[in-house]
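Novice: Residue numbers (the numbering used here), protein chains in the order written: chain A, 5 to 194; chain B, 5 to 194.
The list cannot tell twin chains apart, which means a pair is met if one copy fits it or any two copies do.
Okay, derived cross-link-like pairs now, EDC-like style, lysine to aspartate or glutamate, Cα gap no bigger than 16 Å in a straight line:
| id | residue 1 | residue 2 |
| --- | --- | --- |
| 1 | Lys180 | Glu154 |
| 2 | Lys180 | Asp131 |
| 3 | Lys70 | Asp80 |
| 4 | Lys179 | Asp100 |
| 5 | Lys179 | Glu154 |
| 6 | Lys7 | Glu39 |
| 7 | Lys12 | Glu39 |
| 8 | Lys194 | Asp145 |
| 9 | Lys189 | Asp88 |
| 10 | Lys12 | Asp56 |
| 11 | Lys152 | Glu142 |
| 12 | Lys70 | Asp131 |
No lab work stands behind these hints, which were simulated from the structure alone.
2 protein chains.
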Amino acid sequence: MSKIKNSKRTILNLAEALLQDKGFNGFSYANIAAELGVKNAAIHYHYPSKEDLGIAVMQRYRERFKLWINNSRVKDLTPEAKLDWFLSIYINMRADQGKICLVGSMEAEFNSIPDGLQSEVQALHKDLLTWLQAALAEGRDAGVFTFKGEPADKAALILSTVQGALQMARALGAKKFHGVIQQIKLDLLK
Amino acid sequence: MSKIKNSKRTILNLAEALLQDKGFNGFSYANIAAELGVKNAAIHYHYPSKEDLGIAVMQRYRERFKLWINNSRVKDLTPEAKLDWFLSIYINMRADQGKICLVGSMEAEFNSIPDGLQSEVQALHKDLLTWLQAALAEGRDAGVFTFKGEPADKAALILSTVQGALQMARALGAKKFHGVIQQIKLDLLK
DNA sequence: AATCTTACTTACTAATCAGTAATTTGTCAA
DNA sequence: TTGACAAATTACTGATTAGTAAGTAAGATT
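Work out the full structure: start from the sequences and follow the hints.
Specialist: Below is the structure:
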């Protein structure tokens, strides 16, 4: 009986990577078990159902995001630096390795994932939008961003863009992704 | 033995809807067969493998798009009307019914779909980008669009945006999607 | 020392999946 | 009417899936 170190955390890490890589319907308990050198049932012991596992991944991500935005290292940034920080989250997802964001992955399969997981996706998407909207409003008030319309719509646009661009990178390469990131800034900065 | 009317076409229609709805890993031959009141094997008769079926859907879509853009009713439009036509494709996908675009659906599952299908996704995405890029360049030259940077990057941004926005609509509603469409135009028109 | 708990294994179920082979049914043309 | 072909059925395979129940080994608690 070989034991996993930090079992719950290790499983979540692997599940998160698999979700970004293959989606909820694209991975199985067997994938995780094999990678960790244990049996399927060992994963079920920690996360009884696949829904439980998916929810745990999403909740951990939400809490991580909450911690970041409430930390002074992000909170006290200028609006422009806040945007850069936000975009860096997506840049660091390694489009060059074909990873996409959790929200995009789950929303693409939204109609075939469990209800409880749908709610978590919804909640995370709202969290991201709320923060980004505030950062955009702050930046426009400070005179460093320019855009027409409502901050809510501009935030939804930017979030949709990065989500879509990560997916595009899979088919057309990471270079295209970075072009889009650049364009977001061109469209926003004075 | 109950026969399907226009079997190949009917199957493709259903497969396309299922792809937009549940993704490649999210539907099965049984879904299609049940809907048509026929057995699984009847679908395999027309499309031996799931990869064949997926490829057929993508190829039909590409040819449809090719026909449209080479038709004078699109070709002779003003740049602004061309943009509206393009966006209407995505608006007509019925975000309110939770449908997303084929490209987004396939790219989200890119790492777990057959190779031949990956190539088709790639090809369609390139087709869309190429056309949009030309329309944007034409519009900027004509003085009706304003944007910084390269038309290629702006085209990639807009395509990523609509793709992501359709997915967002599933979690946050169609209203949000329409807000993003509006914002695309605000960001582009003088 | 005895017991309880954690983390896992073994062994299984029931369902679903894509796909195949052999056969039957229906239609149309010569 | 017969034969050819298309389109479907029946009946199956082997793989994979999520999930469960019972049992075991090791460590912690009492």
